[in-house]
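Fit chain B to the given chain A structure using the hints.
Protein chains: 2
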Amino acid sequence: MALLKSLTLKPLVKPYTSPILMNHFFNRKSTVRSFSAAMSPPSTAVVYHQEGPPDSVTKMVEVPAVEVKENEICVKMLAAPINPSDINRIQGVYPVRPQVPAVGGYEGVGEVHSLGSAVKGFSPGDLVIPCPPSFGTWQTYVVKEQSVWHKVSKGTPVEYAATVFVNPLTALRMLEDFVDLNPGDSIVQNGATSIVGQCIIQLARIRGIRSINIIRDRAGSDEAKEKLKKLGADEVFTESQLEVKNVKSLLANIPEPDLGFNCVGGNAATLVMKFLRQRGTMVTYGGMSKKPVTVSTSAFIFKDLSLRGFWLQNLLSSAKGEECKSMIDYLLGLAREGKLTYEMELTPFKDFQTALDKSLGKLGSQPKQIIKF
Amino acid sequence: MALLKSLTLKPLVKPYTSPILMNHFFNRKSTVRSFSAAMSPPSTAVVYHQEGPPDSVTKMVEVPAVEVKENEICVKMLAAPINPSDINRIQGVYPVRPQVPAVGGYEGVGEVHSLGSAVKGFSPGDLVIPCPPSFGTWQTYVVKEQSVWHKVSKGTPVEYAATVFVNPLTALRMLEDFVDLNPGDSIVQNGATSIVGQCIIQLARIRGIRSINIIRDRAGSDEAKEKLKKLGADEVFTESQLEVKNVKSLLANIPEPDLGFNCVGGNAATLVMKFLRQRGTMVTYGGMSKKPVTVSTSAFIFKDLSLRGFWLQNLLSSAKGEECKSMIDYLLGLAREGKLTYEMELTPFKDFQTALDKSLGKLGSQPKQIIKF
Numbered sequence: 001m002a003l004l005k006s007l008t009l010k011p012l013v014k015p016y017t018s019p020i021l022m023n024h025f026f027n028r029k030s031t032v033r034s035f036s037a038a039m040s041p042p043s044t045a046v047v048y049h050q051e052g053p054p055d056s057v058t059k060m061v062e063v064p065a066v067e068v069k070e071n072e073i074c075v076k077m078l079a080a081p082i083n084p085s086d087i088n089r090i091q092g093v094y095p096v097r098p099q100v101p102a103v104g105g106y107e108g109v110g111e112v113h114s115l116g117s118a119v120k121g122f123s124p125g126d127l128v129i130p131c132p133p134s135f136g137t138w139q140t141y142v143v144k145e146q147s148v149w150h151k152v153s154k155g156t157p158v159e160y161a162a163t164v165f166v167n168p169l170t171a172l173r174m175l176e177d178f179v180d181l182n183p184g185d186s187i188v189q190n191g192a193t194s195i196v197g198q199c200i201i202q203l204a205r206i207r208g209i210r211s212i213n214i215i216r217d218r219a220g221s222d223e224a225k226e227k228l229k230k231l232g233a234d235e236v237f238t239e240s241q242l243e244v245k246n247v248k249s250l251l252a253n254i255p256e257p258d259l260g261f262n263c264v265g266g267n268a269a270t271l272v273m274k275f276l277r278q279r280g281t282m283v284t285y286g287g288m289s290k291k292p293v294t295v296s297t298s299a300f301i302f303k304d305l306s307l308r309g310f311w312l313q314n315l316l317s318s319a320k321g322e323e324c325k326s327m328i329d330y331l332l333g334l335a336r337e338g339k340l341t342y343e344m345e346l347t348p349f350k351d352f353q354t355a356l357d358k359s360l361g362k363l364g365s366q367p368k369q370i371i372k373f
Numbered sequence: 001m002a003l004l005k006s007l008t009l010k011p012l013v014k015p016y017t018s019p020i021l022m023n024h025f026f027n028r029k030s031t032v033r034s035f036s037a038a039m040s041p042p043s044t045a046v047v048y049h050q051e052g053p054p055d056s057v058t059k060m061v062e063v064p065a066v067e068v069k070e071n072e073i074c075v076k077m078l079a080a081p082i083n084p085s086d087i088n089r090i091q092g093v094y095p096v097r098p099q100v101p102a103v104g105g106y107e108g109v110g111e112v113h114s115l116g117s118a119v120k121g122f123s124p125g126d127l128v129i130p131c132p133p134s135f136g137t138w139q140t141y142v143v144k145e146q147s148v149w150h151k152v153s154k155g156t157p158v159e160y161a162a163t164v165f166v167n168p169l170t171a172l173r174m175l176e177d178f179v180d181l182n183p184g185d186s187i188v189q190n191g192a193t194s195i196v197g198q199c200i201i202q203l204a205r206i207r208g209i210r211s212i213n214i215i216r217d218r219a220g221s222d223e224a225k226e227k228l229k230k231l232g233a234d235e236v237f238t239e240s241q242l243e244v245k246n247v248k249s250l251l252a253n254i255p256e257p258d259l260g261f262n263c264v265g266g267n268a269a270t271l272v273m274k275f276l277r278q279r280g281t282m283v284t285y286g287g288m289s290k291k292p293v294t295v296s297t298s299a300f301i302f303k304d305l306s307l308r309g310f311w312l313q314n315l316l317s318s319a320k321g322e323e324c325k326s327m328i329d330y331l332l333g334l335a336r337e338g339k340l341t342y343e344m345e346l347t348p349f350k351d352f353q354t355a356l357d358k359s360l361g362k363l364g365s366q367p368k369q370i371i372k373f
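The listed protein sequences derive, respectively, from chains A and B. Per UniProt numbering, the very first residue in the first sequence carries number 1; after that it's consecutive. Per UniProt numbering, the very first residue in the second sequence carries number 1; after that it's consecutive.
Just so you know, not all the hints are guaranteed correct.
The list treats identical chains as one, so a pair stands whether inside a single copy or across any two.
Claimed, not checked - The list that follows gives simulated cross-link-like pairs (lysine-lysine, DSS-like), each with its CA atoms no further than 27 Å apart:
(1) 290 with 274
(2) 325 with 303
(3) 229 with 245
(4) 303 with 290
(5) 291 with 248
Source of the hints: derived by calculation from the structure; they are not laboratory data.
This is chain A alone, in the form it adopts within the complex (with noise of 0.2 Å):
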């Protein structure tokens, strides 16, 4: 079986038009054309042959070298999350997903292994991350076009370099491009306690702009809370607390948000439109309770509220593709600071499986988990 590092995408919302991408697996077998060329070294990859249960489909294959022609990069990798949206592919959900089979993982990190003979501004060991991500990030050596590959400096820490394009970046975004806010402005999100969440209250801090946080009624949200007010929460309520007839008059200090976040869904979006001043938004960019959106006629027609949605691979298909190369880099100087911190945990590729269970769920709430190479 040769290196699974180029896989199409299903075009199940519109083509994609990378032309990395559009490498089938099965042509790309056919380009192994001479053993004189750079190979790189055999890689230990996660790979699917259907799509299906992740703990059940998925496995660790061992794949043989392959040719890393003159514009490529060969990349040793270093650490990759498990993303919600990863195992959404696996489960053949996601609406962008690679064809079956396909090594697992988006985005990540690692470091310059090898270099076809045209590359030119990357040396070995350089720290690289695929930005925009690229599917194929689970495994222990990936080649591809030098155009993937993003420098990243050397003092990053990788759990935050590997991590920075999916939450993050969606929370500097979102904050970025709805709503022009001010200092002194206030945002309202659910689902503050996500990695999402804990970022928009870290960058609206540096910012000055205040965040108003709901969070879920669970044993622990007191703790929850703590952790969230030191991040630089300015006000977090959870659901439970919200039910007053105005939750308006819970804000002391902080002037009605002109902006909010939902990833919940049911009452918890409700709760956000509830806070949003007139003519506000509301940005969907996630459905943690499965359940759907509910407006009432009088809060489009008398509240003037406009509903919105953010996904992070529409960003990538337009023009602001590029322009997220300089916002990864502010977000991991930030990270460099310490100026952005999230809870990871670091396991080890042998013991993927574990990961993968963590992140599936089947062992309680856990923090996101990060394959390390």
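Same frame as chain A, but now just chain B:
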């Protein structure tokens, strides 16, 4: 009892700053200073002293003459509609409404009866409408500042001049204000038999925009379909016809719409969203089913829909208020040419209670009621 002509708005949403509307009824009484000033004729008005069921709280009363001040115009009303929002104001359930005691009505048309000494640009006999509309049109003589009145062409059918603001202007602004549409594009709407719905069909047609229309399942729906097609509707479906896996498979040569209008809520709103293309916009301007709009998380994230609301009242307090006058002239031009039509029933003022009962739905489905003075 003095002539009820200028009434304060309760600022339930925000303060309204039009000076003429801020004159309080009772203050008004004290400004009648001299019997030598120009006076209006006595007026017959539909008045309510408290909010409640319109058929029990409204009474037709005679109100004495008042002074016509130097900047005011006395208008002899010719026609005024009973709109659902007029009813909601009397019921006390509309966010912006006059303080009681109040004269009912909000839009209408009349002819200039007499002018204050400083009024320029108007002559007795001119056809005028309050533009933007102004409380208290259900009476035979209305006295307001000249800035309230907008002159319209004398050939205009009074029933169209009386109704042009609330419904046709809503249709026109909704087609203009949310998405840039080009000839060949399409829109989708529910509640298509409403007057706004009929206006949307005709105004879209004039611009070469195709319309997909959704109506309720009920006796006479085949006849309703035919009527809408005669107005220029490209496709008309009942809700039950859209119980198919992919509603878009029903569109023959019409492109997927980028813009949808919802005045119903519930399933009818979901159907509008199903027709919309990726990144489409749905504008809610009514909730006839009294059911909320329910939206899946994936409609926001993966389909990237935007959900907005439209309320004419917001427009009036924005900079677009002035721009509305040229739109009104455009719409009345179409009405004069027979290119904008909708069914109305003219009822003599003396039979106001019958017109009100019809508007309240007490006599089954009835055309829009226009009071003819």
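Evaluated hints:
With identical chains, the CA atoms of residue 290 and residue 274 are at most 27 Å apart both within one copy (20 Å) and between copies (19 Å). In this homomeric assembly, residue 325 and residue 303 come within 27 Å of each other (Cα to Cα) only across copies, at 25 Å, whereas the closest approach inside a single copy is 37 Å. Taking the shortest Cα distances, residue 229 and residue 245 sit within 27 Å of each other inside one copy (25 Å), while across copies they are farther apart (47 Å). For a Cα distance limit of 27 Å, the shortest separation of residue 303 from residue 290 qualifies both inside one copy, at 26 Å, and across copies, at 17 Å.
For the identical chains of this complex, residue 291 and residue 248 are neighbours both inside a copy (24 Å) and across copies (25 Å), given an alpha-carbon limit of 27 Å.
Of the numbered hints given earlier, the model fails none.
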